[in-house]
Amino acid sequence: MSILIIIASAILSVAAIVALWRVVRGPSIVDRVIGSDVLLTTLILVVGTEMVATGHTRTIPLMVVLAATALLGTVAVARFVTRPEATATHTAATGSASAQPDGTEKGMD
Amino acid sequence: MVDAEPWASILDIVAGVLLVGGALLSLAAAVGLVRFPDALSRLHAATKPQILGLVLVVVALALSQRSWAALLLLTPVIVLQMLTAPISAHMVGRAGYRTGDFDPSTLVVDELAADVADAGRSDLPGSSDPTDRATGRAPRSDASGEPSGEA
Chain A
1 MSILIIIASA
11 ILSVAAIVAL
21 WRVVRGPSIV
31 DRVIGSDVLL
41 TTLILVVGTE
51 MVATGHTRTI
61 PLMVVLAATA
71 LLGTVAVARF
81 VTRPEATATH
91 TAATGSASAQ
101 PDGTEKGMD
Chain B
1 MVDAEPWASI
11 LDIVAGVLLV
21 GGALLSLAAA
31 VGLVRFPDAL
41 SRLHAATKPQ
51 ILGLVLVVVA
61 LALSQRSWAA
71 LLLLTPVIVL
81 QMLTAPISAH
91 MVGRAGYRTG
101 DFDPSTLVVD
111 ELAADVADAG
121 RSDLPGSSDP
131 TDRATGRAPR
141 SDASGEPSGE
151 A
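Protein chains in written order, with the numbering used here: chain A, 1 to 109; chain B, 1 to 151.
Keep in mind the hints are simulated off the structure, nothing from the lab. The structure displayed is predicted, hence computed values, not measured ones. Glycine included, every Cβ here is placed at the ideal spot set by N, Cα and C. Don't take each hint at face value.
The calculated SDA-like cross-link candidates involving lysine to any residue, where the alpha carbons are at most 20 angstroms apart (straight line), are [what the hints assert, rightly or not]: (1) K48(B) with V59(B); (2) K48(B) with V46(A); (3) K48(B) with W21(A); (4) K48(B) with L66(A); (5) K48(B) with A10(A); (6) K48(B) with T57(A); (7) K48(B) with L43(A); (8) K48(B) with S13(A); (9) K48(B) with V23(A); (10) K48(B) with I3(A); (11) K48(B) with F80(A); (12) K48(B) with S2(A); (13) K48(B) with T69(A); (14) K48(B) with I17(A); (15) K48(B) with R32(A); (16) K48(B) with A53(A).
Under 7 angstroms between C-beta atoms, here's a sample of chain B residues computed to sit facing chain A [as the list claims (entries may be wrong)]: (17) L11; (18) V14; (19) A15; (20) A30; (21) V34; (22) S41; (23) R42; (24) A46; (25) A60; (26) S88; (27) D103.
Isolated chain B (complex conformation) (with noise of 0.2 angstroms):
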């Protein structure tokens, strides 16, 4: 019990510094909603403190608990989050994308156009360029044919 006590500080201090790196990535997906232009841009400021912030306040949380019931409580909260967060940012950027809440000349490769173009989806946007996929093609006799990427 004499070496007890500073480890336990020691732990506490690691604690606080691991809060303070959680707080420091929730500052910065601020700073993104705030600084970026469109929404997809902001949706990938967002998903920084979702796992990797809940990461850091969660394990600074069983370091200053210190017990075993703590950490079994505690490992849900981590899972779940790792479930969740992935389905609702594709959700949040399929929204952003068919809104056409970005700006094309930004981006390097947009995949999903040829896929809108060959599906025929004449709503979503990427679908007035037609690229080289839907060449030569009749979109909407085609699309009933093959399986496109996104089912």
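Next comes chain A alone, as it looks inside the complex (with noise of 0.2 angstroms):
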């Protein structure tokens, strides 16, 4: 069993070093983001893994707040890019920034 948990502390220290890999690389912020959340669920993963390995039960707290918090930084990242995206794509369409009144922008969600 002991070689069972090596093997997957072996596997998820690589997936965590790959999406770290694409967190700094990402072209975009949006594979940034797609990357950190990755490296977030490999450490979930970590967690639950150590318990196991260990036999304690102390951290599943961590792995509850870890889960519940998990969509927080995303959400943000995700709302603060698409606005600014969004409007210099418009901005570079129409040529004139003040085309699109900000009711329309809101009015979207």
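Join the two chains into one complex using the hints; note that each chain is given alone, in its own frame.
As structure tokens, then:
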């Protein structure tokens, strides 16, 4: 069983490093958000694996909190990135920045 | 208590196998992050370990602990992740669509493009090629009269 835990830990380490590489490398901020999401999911799995390996249950609240708050950063960045990017695309398409009033931007959501 | 020992070792082995399964799903997400070309494809790969991988690891933990208290504490992990993972995936997918971070030629159907054209949004991808729903309509006046599909 300990061999299986060692294998799982090695696989999780590789996955975390690759996700971190995507966060560093990612061409757009959406790619970085997805990479950090995978990194956080891998962290939750690592916490669970560590509890199986050592046989305690002290970090289960950490798993609960991570699972509950994983969406906050993702949603915040997604909300933050959407509007300026859409405005920039619109400005490039029409050539004037004042053609789109703010009311229609907010009405979309 | 004589029979408890083989059951315990079998449950521990099952827990280890489930751990390796969850780790493999996380590795699959990482490989998808590297190999897939754009953000929406990477999102597809990234959502795999969020539910199934977490369920596998939590079941492994419950099998290794074998107590009702641990199961009671572990249930909110699954429930909260099932509640929040679709929200974050939806938000990231919407951001990826709006920033145009995908290849439109790889799409089989883009149903959102018709709604975007109906709403008169010229600042979103898909509005440059109007579909059948948008022809013959004045987009701006229609958007106020009829409820579009993305309220």
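Do the hints match the structure? See the list:
The suggested pairing of K48(B) with V59(B) holds, with an alpha-carbon distance near 17 angstroms, which does not exceed 20 angstroms. With a C-alpha separation of about 16 angstroms, the suggested pairing of K48(B) with V46(A) holds against the 20 angstroms cut-off. At roughly 19 angstroms between alpha-carbon atoms, K48(B) and W21(A) fall within 20 angstroms of each other, so this suggested pair holds. A hinted pair counts as satisfied when its Cα atoms are at most 20 angstroms apart, and K48(B) with L66(A) qualifies at roughly 17 angstroms.
For the hint linking K48(B) to A10(A), the alpha-carbon distance of about 19 angstroms falls within 20 angstroms, and the restraint holds. Note on K48(B) and T57(A): the hinted pairing is violated, with a Cα-Cα distance of about 25 angstroms set against a maximum of 20 angstroms. Taking the CA atoms of K48(B) and L43(A), the gap is about 15 angstroms. The hint holds against a cut of 20 angstroms. A distance of roughly 17 angstroms separates the Cα atoms of K48(B) and S13(A); the hinted pair therefore holds under the 20 angstroms criterion.
Of the pairs offered as hints, the one joining K48(B) and V23(A) holds, with about 18 angstroms between alpha carbons and a cut-off of 20 angstroms not exceeded. A threshold of 20 angstroms between alpha carbons decides the hint, and for K48(B) with I3(A) the separation of about 25 angstroms lies outside it, so the pair is violated. Proximity of K48(B) to F80(A) is assessed by CA-CA distance (about 25 angstroms); at most 20 angstroms being required, the pair is judged violated. For the proposed pair K48(B) and S2(A), the alpha carbon gap of about 25 angstroms is over 20 angstroms, so the pair is violated.
Restraint check for K48(B) and T69(A): satisfied, since their Cα atoms lie roughly 18 angstroms apart, inside the 20 angstroms limit. Between K48(B) and I17(A) the alpha-carbon distance is near 17 angstroms, which keeps this suggested pair within the 20 angstroms criterion. Taking the CA atoms of K48(B) and R32(A), the gap is near 17 angstroms; set against the 20 angstroms cutoff, the hint holds. The straight-line distance between the Cα atoms of K48(B) and A53(A) is roughly 24 angstroms, outside the 20 angstroms bound, and the hint therefore fails.
Hint status for L11(B) relative to chain A: violated, with the closest Cβ pair at about 10 angstroms, above 7 angstroms. With its C-beta approaching chain A no nearer than about 9 angstroms, V14(B) sits outside the 7 angstroms limit, and its interface hint is violated. Interface restraint check for A15(B): the shortest CB-CB distance to chain A comes to about 6 angstroms, inside 7 angstroms, so the restraint holds. With a cut of 7 angstroms, the hint placing A30(B) at the interface with chain A holds, because the nearest CB-to-CB distance is about 4 angstroms.
The closest approach between the C-beta of V34(B) and any C-beta of chain A is roughly 6 angstroms, which is under the 7 angstroms cut-off, so the hint is satisfied. Hint status for S41(B) relative to chain A: violated, with the closest Cβ pair at about 10 angstroms, above 7 angstroms. Given hint, R42(B) at the interface with chain A, holds; its Cβ is 5 angstroms from that chain's nearest Cβ, closer than 7 angstroms. Interface restraint check: A46(B) against chain A, minimum CB-CB distance 5 angstroms, threshold 7 angstroms, status holds.
A least Cβ separation of about 6 angstroms between A60(B) and chain A falls short of the 7 angstroms threshold, and the interface hint therefore holds. A hinted interface residue such as S88(B) counts as satisfied when its beta carbon comes closer than 7 angstroms to some beta carbon of chain A; here the least separation is about 4 angstroms, so the hint holds. The beta carbon of D103(B) is not positioned within 7 angstroms of any beta carbon in chain A (closest approach about 13 angstroms), and the interface hint is therefore violated.
Of the numbered hints stated above, those contradicted by the structure are hints 6, 10, 11, 12, 16, 17, 18, 22, 27, listed in ascending order.
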